[in-house]
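K.L.:
Residue strings, one per chain:
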Amino acid sequence: MAEVRMRNLVKTYPGGSVRATDEVTLDVADGEFMVLLGPSGCGKTTLLRMVAGLEMPDDGQVVIGSRDVTYLPPRDRNLSMVFQSYAVFPHKRVRANIAFGLRMRRVDRAKAKRKVDWAAELLQLTPYLDRYPSQLSGGQRQRVAVARAIVMDADVLLMDEPLSNLDALLRLSFRAELKRLVGEIGTTTIYVTHDQVEALSLGDRVAVMREGRIVQCDNPISVYDVPASEFVGGFLGNPPMNFLTGTLAGTNGQVQVDLGSQESLPAPARLAEFRGKPVRVGVRAEAIGVSREPRDDAARCVVEVFEPLGASVLITATLAGQVIKVQAPASFRAEPGEELWLVLSQDSLRWYDPDSGVALIAA
Amino acid sequence: MSTVATPPAAAPTPEFTELPPVDRAPLRRLRRRRVLLQVACVLVTLFMGVPLYLITLAAFSSRETLNKFPKSLWPTELSTDTLKAFLSSTGVLPAFLNSIVIGLGSLVLALLIGAPAGYAIARFLFRGREPYQLFLLLTRALPIVVLSVPLSQLFLRAGVYDTVLAVVLVHAGLSLPTTILITASVFVAVPRDVEEAAQLFGCTRFEAFRRVVVPMALPGIAAAAIFTFVLSWNEVLAAAVLTLNNRTLPAQVLVSLSDSPIAYRFAGGFALVVPALLFILLMRRYLLNMWGSTLR
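So the protein lines, in turn, are chains A and B. Residues in the first sequence are numbered from 0 upward in steps of one, following numbering that gives the first Met the number 0. Residues in the second sequence are numbered from 0 upward in steps of one, following numbering that gives the first Met the number 0.
Mixed in with the good hints, there may be bad ones.
[As the list claims (entries may be wrong)] To be clear about the criterion: a stretch of chain B counts as covered by chain A if any three or more of its residues have a C-beta under 8 Å from a C-beta of chain A, and this derived list gives those stretches:
#	segment
1	16-28
2	39-48
[Stated by the list, open to error] Sample of chain B residues lacking proximity to chain A, with all beta carbon distances greater than 12 Å (derived):
#	residue
3	A84
4	L92
5	E129
6	P130
7	L137
8	R139
9	I143
10	Q152
11	R156
12	G172
13	P190
14	G268
15	I279
No lab work stands behind these hints: they were computed from the structure. Please read these numbers as outputs of a predicted model, since none were measured by experiment. Here a beta-carbon is modelled for each residue, glycine too, at the ideal position from N, C-alpha and C.
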């Protein structure tokens, strides 16, 4: 086990003009579960591959434990990895697949067998040890890949979208299983995914990436609740965070945001210095209160679409001409065209600069 | 204000009308096509099989039976006399041995050079990759007759003329383009992930190639092997020009064919066909699949 330190990692693929990762610096603590999250092409897989040694950085440094591994071949880094496509060896039986890394390291036969049996037990593969991967289902193949990775006692466990090839139901159950497993063995883990739910559910910390840079790295609750930028708020959450455009106004101690059509919301006093400037207000769909009766502290909206989702209902409405999605309790009913009053409490509102998309911070 | 949305008015149920009769014409067409396909398969098989059968029959007939008329199409009077006579005639057994050694030798040589080349074409995007593949095929554009004369001179000077090695070199050279292109197409199908996994779990690049990529590419390697062996087994011209005493079987048969009795020719034909067939049969299991399913 060890911590991983990445420093100013730069990688441009041959023939490419854009940097796949652009001076990325990230520390993963010993035993931490770090999730790299981002849309495809954001550089998360490139970053993982540079830690793995499958890709050489143009500049920067990778340190595992206290050892510089920047340009070491993969086999000398004491890592193990789970691939998106499982990457099990089709010509080897399950037992040989799991034991592959141990055999390459010339681990004593009896010890290797003990480890294989332990991993097979843990991943419920014991009945399949003598089968070939082609005789297994996708979920079982991914279990083999995970077993192969955990028997290594590696310093760092790397996972590259290990759940994305599984069907939805299997993904859900395997996700919980993976969390339990990694928690038990306690290895430092770097996990790449584009699935925000996976990231939130698994990570001790989530690093959200965009265009080769880390835009926010924090624990899942903070990343979800206090997005550092509009991009993060829009990428995490289903539905994504709502953003309303307005202008900050007010006199003396009072600050408010005018959304147009005479609708306004109170804003925190710390934003007083931005008075007169445009602003983007972010709010989560489930943080909005809904009322049928007119209220002083609520904004009027008109229902456009009403969608029952089982556990809740999703209302798409227009507030001062801007689209807003509201999540309401499952028993709530509304008709298109109906008027509703939305309670947007101040502590659920996030404030962003409309040009850069970055959260507004008073100097 | 009602809170429960009223369901949309139910669509009027369609009247219970009579359905049109089942149209069986497409099914009949499908069946007819299937039968035609089977017939075509049988015809093609016969086209290859009947000559083989006749040669075998003739090779196992005595000289008298062969000259009888009308000939029987069924194996009524089997004898191994002709075959024995053929095999014991001078030069045949050594030539037979030469053929096998040369076939296997050129197979090994072609794979040793060709498989890594195929891997390079499959994995690396190097400058001139496309022209290189075309250039490979160009080596087959020169007729062997044209190649043979300068090659004989070269081999004479190098002191390898009239040796098994000389023919192995030529046959391996002739089969290299196909070996490279066939193996390249299989290496492309081996996922890169699997190779990377091998490297991560302790292999060097070469070990990953040997332990993971080659086993996964076995079907293609087998195909290339068959191709090389059969090419070498059947090749006459170069083998005849480049050797005097160390003839391969086809070269030997070719030289002695014109002045031999008809029975001898059938025996020679049989001896030429059988080893190649046996080799293909042996390699077949690698060609089809290894682990209870096709690759991937």
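K.L.:
Against each hint, give a clear statement of whether it holds in the structure.
P.N.:
Hint check:
no.: 1; hint: 16-28; verdict: violated (count 0)
no.: 2; hint: 39-48; verdict: violated (count 0)
no.: 3; hint: A84; verdict: 48 Å, holds
no.: 4; hint: L92; verdict: 39 Å, holds
no.: 5; hint: E129; verdict: 16 Å, holds
no.: 6; hint: P130; verdict: 19 Å, holds
no.: 7; hint: L137; verdict: 28 Å, holds
no.: 8; hint: R139; verdict: 32 Å, holds
no.: 9; hint: I143; verdict: 38 Å, holds
no.: 10; hint: Q152; verdict: 46 Å, holds
no.: 11; hint: R156; verdict: 45 Å, holds
no.: 12; hint: G172; verdict: 31 Å, holds
no.: 13; hint: P190; verdict: 6 Å, violated
no.: 14; hint: G268; verdict: 39 Å, holds
no.: 15; hint: I279; verdict: 23 Å, holds
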